[in-house]
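**Q** Using the sequences provided together with the hints, build the complete structure.
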Amino acid sequence: MKIGIDARSLENSKTGVGRYLSNLLKFWKNEKSIQFVLYFKDQIPKEELADTDNFEKVLLKNPLGFSSNFFFQHFLLPNRLKKDKIDYFFSPFYLKPIYCPVKSSIVLHDISYEAHPEWFDFKSQFVLRMLSRYSAKTAQRIFTVSFYSKKEIIKYYGTDSEKITVTNLAPDDSFSKIEDLDKIKTMKKKYGIVKKFIFCIGTIFSRRHISEIIEAFEKISDKSLEYQLLIVGKNVTHPFVDIDKKIELINQNIKNNSIIHLNSVSEQELMALYSSCDFVIYLSDYEGFGLPVIEAQFFGKALLTSYNTSLIEVGGNSVEFVKENTTEEIQRSMEKVIFNEDYKGQLVQKGAENLKRFSWEKSAMETLNKLLY
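Going by this note's numbering, 98 is the number at position 101 of the sequence shown; the sequence numbering is gapless.
Derived EDC-like pairs: lysine to aspartate or glutamate, alpha-carbon spacing no greater than 20 Å straight-line: (1) Lys(-1) to Glu363; (2) Lys182 to Asp275; (3) Lys82 to Glu53; (4) Lys148 to Glu111; (5) Lys192 to Asp177; (6) Lys(-1) to Glu53; (7) Lys174 to Glu264; (8) Lys231 to Glu264; (9) Lys193 to Asp339; (10) Lys347 to Glu310; (11) Lys54 to Asp84; (12) Lys23 to Glu8; (13) Lys242 to Glu209; (14) Lys134 to Asp157; (15) Lys231 to Asp118; (16) Lys333 to Asp219; (17) Lys11 to Asp39; (18) Lys320 to Glu332.
Derived Cβ-Cβ restraints for the label pairs, each shown as a range: (19) Gln137 to Glu28: 18 to 28 Å; (20) Leu259 to Asp157: 41 to 51 Å; (21) Gln346 to Val163: 23 to 33 Å; (22) Ser158 to Lys192: 46 to 56 Å.
Read the hints as simulated data drawn from the structure, not as lab findings.
Ideal Cβ placement from N, Cα and C applies to all residues, glycine included.
**A** Written out as structure tokens, the structure reads:
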């Protein structure tokens, strides 16, 4: 059995899709009866599965000399799948080749572009709404990461329920708690963290209400002088909101550097930030899963999140739900956690129990079994 995989998401710094695929591969490498062929566009990452003998890595260079996702996906990849006699093609992203010479599966992590097209620019709408719909229709199987997302796929695409398999996410298999105080101290000094801090992690989409989080923090800053707010994520708001300018003005108003924004951090720094923060806040109007919910719980932290979409399913009774994503409700939930240590401790305990529901090994094997049968 030969399974071909679109592995572009493993190139350069891995985002959510890359981390998803990487965690599946860590368990698939033990399936020696299956040959996995990983297809890359620009470069083959040296550190990815270097010592596995059932993984073949193939670089599909564009003979025309330019880098193009469209050309890679819809011209180079189909030809190579046929040449390599692939039995099954797996795409961890939303799309597959328009012409795919073999049976295929795709992963729809969410379909926010269907539910809220106003959040996306024209190019993203075209690629995701048109090509993703076609991919979902023509693929033999669709994987998604929550039962909420499964319902959304059925609602917008009319897909047969039996065609969709739910396999949950889990904290990254490489994660571990950082207990080295010197490492944490060095990392905090690097980023200007001098107090307890609230950690807000994730790409800054418009739906994630970073502006309201900042405003809520400003309102509580005079009551909780011992706190800072750290936001980590690239700003891709549409329409664009100048988050950094807003932070600068609020920091001037409260007369200290209490709010910090970083575009990205290394994996080691991410683990150190999770390990040393006071609690985590992750809000959204729409999520297919909401990985920071269980990442925070892995590191033993209380979490504030929105009461909607998949976040209800993933968080269960183990989180502080912000009933509405307004400045006032965010402030209320922040104060509830900051000023009630017993309640914060209860959230940590419930989070540890909630975390037991999620496993990469389970998700990897469930996915592979559906690919094979």
